[in-house]
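Chemist: For the record, the sequence lines run as chains A and B. For the first sequence, position 207 (counting from the first letter as 1) is numbered 207 according to my numbering, and the numbering increases by one without interruption. For the second sequence, position 175 (counting from the first letter as 1) is numbered 175 according to my numbering, and the numbering increases by one without interruption.
Derived from the structure by calculation, the hints contain no laboratory data. A couple of the hints might just be wrong.
Lysine-lysine pairs mimicking DSS-like chemistry, simulated, CA-CA at most 30 angstroms apart [as the list claims (entries may be wrong)]: (1) K3(B) / K277(A); (2) K198(B) / K321(A); (3) K39(A) / K127(A); (4) K39(A) / K60(A); (5) K198(B) / K326(A); (6) K321(A) / K211(B); (7) K3(B) / K279(A).
Each pair of labels, with its calculated beta carbon distance range [to be verified]: (8) E181(A) / F25(B): 35 to 41 angstroms; (9) I98(B) / I380(A): 43 to 49 angstroms; (10) N215(B) / I311(A): 27 to 33 angstroms; (11) I380(A) / A14(B): 28 to 34 angstroms; (12) Y312(A) / A175(B): 35 to 41 angstroms.
Cβ atoms here follow ideal geometry from the backbone N, Cα and C, with glycine treated the same way.
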Amino acid sequence: MLNFVELVFYTYLFVALYMTSLLIFIWYPNRRRLFEHPKGEPVAVSIIMPCYNESSTIAKALDSLLNMKYPQDLIEIIVVDDKSNDNSVDIVRGYMGRYPGKIRLIVNDRNSGGAAQPTNIGLRAAKYDFVAVTDADSTPEPDALIKMIGFLQHDPKVAAVTCAVMAYGSKTFMQKIQTIEYSIISWSRKLLDCVDAVYVTPGPFALYKKDILLRVGLFDTKNLTQDIEIVWRLRSYGYVAKMCLAARVYSETPRKFKQWWKQRIRWNIGGTQCIVKYKSLIFRNGMLGGFIIPFFSFSLFLGLFGLGLFIYLLIKRVFIKFLVTKYAIYGGTTLLRFQDLNIQPTVLNFFGLILFVWAFIFVLIGLSIMNMRGKKETNIFNIIYYLIVYLSMYPFIMITALYKYFRGKYTW
Amino acid sequence: MSKSAFWQALIFTAIIFSLGVIAGFFLESRQSETIYSRLVNSELNIIDEQLRQRIISDSNLSCSLSKESLFLFADKIYEEAMGLEEIDTTGRLGDLTILHRRYDLLRTLLLLEAESLKERCNGDFHIISYFYSYNLDDVETSSKQNYFSKQTFDLKTAHPQDIILIPIAIDTNVASIDVFIKSRKITTYPVILIDNNKEISEFVTLEELEKLVFNDTISSP
Numbered sequence: 001m002l003n004f005v006e007l008v009f010y011t012y013l014f015v016a017l018y019m020t021s022l023l024i025f026i027w028y029p030n031r032r033r034l035f036e037h038p039k040g041e042p043v044a045v046s047i048i049m050p051c052y053n054e055s056s057t058i059a060k061a062l063d064s065l066l067n068m069k070y071p072q073d074l075i076e077i078i079v080v081d082d083k084s085n086d087n088s089v090d091i092v093r094g095y096m097g098r099y100p101g102k103i104r105l106i107v108n109d110r111n112s113g114g115a116a117q118p119t120n121i122g123l124r125a126a127k128y129d130f131v132a133v134t135d136a137d138s139t140p141e142p143d144a145l146i147k148m149i150g151f152l153q154h155d156p157k158v159a160a161v162t163c164a165v166m167a168y169g170s171k172t173f174m175q176k177i178q179t180i181e182y183s184i185i186s187w188s189r190k191l192l193d194c195v196d197a198v199y200v201t202p203g204p205f206a207l208y209k210k211d212i213l214l215r216v217g218l219f220d221t222k223n224l225t226q227d228i229e230i231v232w233r234l235r236s237y238g239y240v241a242k243m244c245l246a247a248r249v250y251s252e253t254p255r256k257f258k259q260w261w262k263q264r265i266r267w268n269i270g271g272t273q274c275i276v277k278y279k280s281l282i283f284r285n286g287m288l289g290g291f292i293i294p295f296f297s298f299s300l301f302l303g304l305f306g307l308g309l310f311i312y313l314l315i316k317r318v319f320i321k322f323l324v325t326k327y328a329i330y331g332g333t334t335l336l337r338f339q340d341l342n343i344q345p346t347v348l349n350f351f352g353l354i355l356f357v358w359a360f361i362f363v364l365i366g367l368s369i370m371n372m373r374g375k376k377e378t379n380i381f382n383i384i385y386y387l388i389v390y391l392s393m394y395p396f397i398m399i400t401a402l403y404k405y406f407r408g409k410y411t412w
Numbered sequence: 001m002s003k004s005a006f007w008q009a010l011i012f013t014a015i016i017f018s019l020g021v022i023a024g025f026f027l028e029s030r031q032s033e034t035i036y037s038r039l040v041n042s043e044l045n046i047i048d049e050q051l052r053q054r055i056i057s058d059s060n061l062s063c064s065l066s067k068e069s070l071f072l073f074a075d076k077i078y079e080e081a082m083g084l085e086e087i088d089t090t091g092r093l094g095d096l097t098i099l100h101r102r103y104d105l106l107r108t109l110l111l112l113e114a115e116s117l118k119e120r121c122n123g124d125f126h127i128i129s130y131f132y133s134y135n136l137d138d139v140e141t142s143s144k145q146n147y148f149s150k151q152t153f154d155l156k157t158a159h160p161q162d163i164i165l166i167p168i169a170i171d172t173n174v175a176s177i178d179v180f181i182k183s184r185k186i187t188t189y190p191v192i193l194i195d196n197n198k199e200i201s202e203f204v205t206l207e208e209l210e211k212l213v214f215n216d217t218i219s220s221p
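Just need the whole structure built from these sequences, with the hints factored in.
Modeler: Here it is in structure tokens:
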């Protein structure tokens, strides 16, 4: 008969199957419209680029903005340096000399410890009604802006537009796996857009209406994921965010595990801050309370509960194996019998296999849609690693993030 | 908008899940049928054995032939029960408790018969009965049970013709087994009974157990 642990496993399988099925069911009827975007009229846009020690990437980021297929006289670039220790400011000044009147530089007196405050400074300084926010290590494709602007022009409720954030660089194995992850996230985010559930406008490149941002109070400087928080806040005010899959921005990804871990901890702390801040809206306020907040909360709960159960079972199993081996050595009995190697497949194994195949198909579809199939980063081994090992690390990130959150010791 | 996708996905998942559960039950029922048929065969065998015992006692058939028959049967039951244990630890959807009960009843009957044969023939074999808990969650007792199970198995493997091994679960909620346990004054588990007169509930090595079974040179710890 099934015991508690097995029932929990079945529940997890059900939830995982439901989530992947949901995205597939959203995708299929919308599959021909995923890359559609309302035609936009070029209007003046201020592009805010917060910067902190970005000397290795900022030139490339500025070049990408200066090469946008968008009337350059309608673009204003504002770099807000958050008291960098490197020569980022010198690089920007060099560009200001080459492009007089095109780029403005604001240098913070002291480091704010995050991207929100310099972004807010740039927003207040922006001349135009439409503002784009971009990271200093990101390079939007030349047509990104023109493809995105139409979303803001055609619907007064749309306050923000995000695009497909793709991973830049695949030198290390971690970066290769993130290439898969970013592609799948972008595709999934577009699918969520189809049900009006975009919950983040990631920092690499996003477009906003300035007057609405000012009205709702700009980016939250205390939140570690200000790009998630701002969308939740906009939604709480009745606005929505859209996703333009046809527009892409390439963003630097962490090369090593340690950097990646730190980044993901920050993301998870920020997510937790958002849940706590907007907990009163759960099951209220349309898709924010009806789907986004419950989805975040439920994911957090499932991750933590699953990890707790996994650790408990692992410790118990190891302890039993240890005792059994100890007794067997003491008693001079057989250490391992054939019966101990349980090779009978269970119903649970079949379900697990079905789920894995389903998730694998989901990733393949996602990679095809994002035109990432056949690339060396997205080989079968990397996809399997992504599904089995990489995603399994998330509960560990969650618990570490939660620990840091409750201790109150977290920084950007 | 594709908000109906939420319901569509839920229905789809429920269908897939239900199909999976039905397929699981189907696969298991095929296994269970095999087990059940083996159990029915075993029951037939034991009735056959009882009849033969009666015939043996009525016709004064030799003890060696009676012992041979008993050992064959007991070994077969032991192996079948091991197979059942293996299946039961694989997260099944169905309930095997009823089958466990029948096996335990069968083994209790077998134990009584073995004791009777040993007494009647002044048997040159030893009866090792091992009492354990079926519903166990305690790590230490579970490890101990695992050790006792291995130890008795090893002993039986080393002396196949001298030992009859009968493991019985004490907590399958069968009235006759409960009475049997009380009649033997078994209060702790896991416990190994040697010829119904030596009780081993603490750790002994395989060598010590062997000595306890085959001679009286060491005392039970």
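Chemist: All hints are to be evaluated individually against the structure, with a verdict given for each.
Modeler: Against the structure, the hints come out as follows:
no.	hint	verdict
1	K3(B) / K277(A)	holds, 26 angstroms
2	K198(B) / K321(A)	holds, 29 angstroms
3	K39(A) / K127(A)	holds, 24 angstroms
4	K39(A) / K60(A)	holds, 28 angstroms
5	K198(B) / K326(A)	holds, 25 angstroms
6	K321(A) / K211(B)	holds, 27 angstroms
7	K3(B) / K279(A)	holds, 23 angstroms
8	E181(A) / F25(B): 35 to 41 angstroms	holds, 37 angstroms
9	I98(B) / I380(A): 43 to 49 angstroms	holds, 46 angstroms
10	N215(B) / I311(A): 27 to 33 angstroms	violated, 48 angstroms
11	I380(A) / A14(B): 28 to 34 angstroms	holds, 31 angstroms
12	Y312(A) / A175(B): 35 to 41 angstroms	holds, 36 angstroms
Checked against the numbered hints above, the structure violates only hint 10.
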